[in-house]
Amino acid sequence: MGMKDSQVCADNSFTGKTIRKAGFRIVMFIFAVLFLLALSMLLGPSGIGIPDPDSFSGSAIISLRFSRLLMGMMTGAALSASGVVFQALLRNPLAEPYVLGVSGGAGLGATLSILAGSGLFVSLGLPVVAFIAAVLTLMVVYGIASQGSSGHPSVYSLILSGVIVSSICSSVIMFLVSTASVEGMHNVIWWMLGSLQPVSSGQQLLSAVLILGGLGGIWLLSPRLNALALGREMAHFQGLHADFVLVIGLLFATLLAATAVSLSGMIGFVGLIVPHVMRAFFGPDNRKLVPLAALGGGTFLVVCDALARTILAPIEIPVGVVTALAGGPFFLIILQRRMKQAWIA
Amino acid sequence: MKKNALTFRNVSAGYKHRKVLDNVSFTIMEGEFVSLIGPNGCGKSTLLKTAAALLKPLSGVVELFAQDVHRIKPALRASLLGVVPQKIESPMAFTVNQIVMNGRISSLGRWGIVSTHDHDLVERSMIYTDVLELRERYYTELSGGEQQRVALAMVLAQDPEIIMLDESISHLDINHRQEVLQILMKLNREKQMTILLVSHDLTLSASISDRFLLMDSGRLVKAGTPAEVLEPELLSTVYNCDLRVQQDPYTGYLQVLEAIDGLNRRKKLNRNVHVIAGGGSGIELYRRLLIEGYEVTTGVLNRLDSDAEAARALNIQVVLEQPFSPVSAGAIAEALQMIDSADTVILSHVPIGSGNLVNLQIASEALKRGKTVLLATGMVDRDYTEGKAALHLVTGLLMNGAFGWQSIQELMLHLQRHHQN
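Quick mapping for you: the protein sequence lines, in order, are chains H and X. 2 is the number of the first residue of the first sequence in our numbering; add one for each residue after it. 6 is the number of the first residue of the second sequence in our numbering; add one for each residue after it.
These aren't lab readings, by the way, just hints derived from the structure by calculation. Honestly, I wouldn't trust all of these hints.
[Stated by the list, open to error] Within a straight-line C-alpha distance of at most 30 Å, the following computed DSS-like cross-link-like pairs (lysine-lysine) qualify:
1) Lys21/X - Lys78/X
2) Lys21/X - Lys227/X
3) Lys78/X - Lys24/X
4) Lys21/X - Lys191/X
5) Lys289/H - Lys92/X
6) Lys376/X - Lys289/H
[Unchecked claim] Covered stretches of chain H (in silico footprint by chain X; criterion: 3 or more residues with CB under 8 Å from a CB of chain X, positions within the stretch not fixed):
7) 65-77
8) 216-227
9) 280-288
Idealized CB from N, CA, C, for every residue including glycine.
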């Protein structure tokens, strides 16, 4: 008999200083998020400060800034959370939507749908087509990587075939763009550069539903992600349907990445770096990491967007440029000091 | 009544193109401590994977408490069977606490809420494996032994009935291996936990296991008590090398030794050396002399002397005398015969009393017969004869051409020098 028979003790030591310390850190983080979000509401090409909400232009500016804030939160949260899942499931610090070809596939789907369709069909169909294309890409990547192994691809073969498929996708996108009409080319390139220009409210709503669903699904999965971070076999020994969790996790992460791509184009960096920085501060426990990374990724993108539209106003810099240019050095410094907490191997 | 914990019925298993397990059948009873042994690549790990339903058998059935392991729900299986792998690789900076909590993963339910019961099991596992103080440390920063105890704690938190360990202790330092083994023995004795240990250390396993399973190229060659399985001929065939099995003279435990003890290794020098020793002062000398390639004889020794045991184990020719009796004329003659065929006589750091003073007299006879005599110095401190007879003898010997030596290195240099001349 195991320990089932013995009494359950009323008290255990899972309370105390460390939990309070971690809690303090999280509270500080949430305050920082609220402060940064409020700050980004004050920034824009029309100037710094609160526009008069009673005037027509003022209220329009406020609503515009707010909808960009929502776009940024959704996109950033989706990309960052999806990066967390990819990194945990594949146990690799380089894993992210781009590396596995998911973003590339979603981008190809989105490009096709922009070039082929028009109007409402495009805006509502975009996330769906992007998701389907991303899933198909992931299946191809997984299929290629599984060749030769007994059904379980190694992480290295997954990433290798992901990188290959990803570059094939971007080549096809280039080809499509180069042969497209001027208007189509303009639309695709504008979308590809990545921007948080608000899309139609229908697409925003659909994307919000998909992203919230994806985040919720991942959060429910998060304790199991911890177990899978120790390897598929170990997770199996501990009583998980390891392959099932792996597939579901990849699907949710793909859904998030594809929706983000369809919403705001190809915005790099967030899905790779934000999870690492959050892990460096809050540890690798995915139950905490998933919501915190979503919050952090969203806020990061919102702040970058506020900078992008303010720095050279009235010219707007693509937000993807700011994420890497401004975020890069900042995150490098953080990671350099806390690398050990971010990733071991 | 004891139940069958784990049963293999005619199980063949393996991978796509390679059958690894070949018709394996055995039963492990509840509460047993079983060691699974066999050379590398014989299928031990595959057997564990098959037992844990990670691999589906190609044919045959694996039963966990009388249920087909592939029909048991994963969560239930985890509460019956825990597996400690060779090493847990954590790519991220999980704390010990977070790692051990993974043991409860399959019992958490859909919403992933950690109950007090879960916390209790985790804490108790950590207490049992003595890692509670480490719980806020990063797993990856721990020593190998600590990591293995944490892995064990995680598996214990599953609250399983059986624990299987896949060479989890082979790579540990001796002290860490002992720590982990002691925990395993405690679990086995106190909680009647069934343990299946894949092991490379046959001697260690023999001292703690109820039963051995011996595998060779995918087949189960023998199952039984350590004494039944640890047969030199069987082991030597399976491991394809010379192995000896002997009983520890003090504890009676079986010891498996690799027979690379000079007898097979040395290149013969064709030099005979006679050693006068006693009380354990000869053991290291014998070993070194054999390694260097000398033919060694020794005596006169008492039958129960530890040097006599060592000489017997090392196949050294020895003159024996009954314990607690004066050395007989016959024994002296035999020793002198050995000395006649030797080039050199060595006296170890043996204390001399009235009982073995005759050995010193044998040494001076050897010097008279023209042999090189090498005496361990420091007789002042180990002369227990009346009137310091031994000391007088030694002084006389040294004056007549015997040499003194202090350390074994010094002695070996002496020997080399003499043999070059």
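Taking the hints in turn, this is what the structure says about them:
Between Lys21/X and Lys78/X, the direct Cα distance comes to roughly 25 Å. Compliance with the 30 Å bound is thereby established for this hinted pair. Restraint check: the Cα-Cα separation between Lys21/X and Lys227/X comes to about 27 Å, which is no more than 30 Å; the hinted pair holds. For the hint linking Lys78/X to Lys24/X, the alpha-carbon distance of about 26 Å falls within 30 Å, and the restraint holds. A hinted pair counts as satisfied when its Cα atoms are at most 30 Å apart, and Lys21/X with Lys191/X does not qualify at roughly 40 Å.
Taken as a hint, the Lys289/H and Lys92/X pair is honoured in the structure, with Cα atoms around 26 Å apart against an allowance of 30 Å. Restraint check for Lys376/X and Lys289/H: not satisfied, since their Cα atoms lie roughly 82 Å apart, outside the 30 Å limit. Coverage of the stretch 65-77 of chain H by chain X is violated in this model, with 0 residues showing a Cβ closer than 8 Å to a Cβ of that chain against a need of three. Only residues whose beta carbon comes within less than 8 Å of a beta carbon in chain X count, and the stretch 216-227 of chain H has 5; three or more means the coverage holds.
For the stretch 280-288 of chain H, the stated coverage by chain X holds: 5 residues have a C-beta nearer than 8 Å to a C-beta of that chain, and at least 3 were required.
Consistency note: the structure conflicts with the earlier hints numbered 4, 6, 7.
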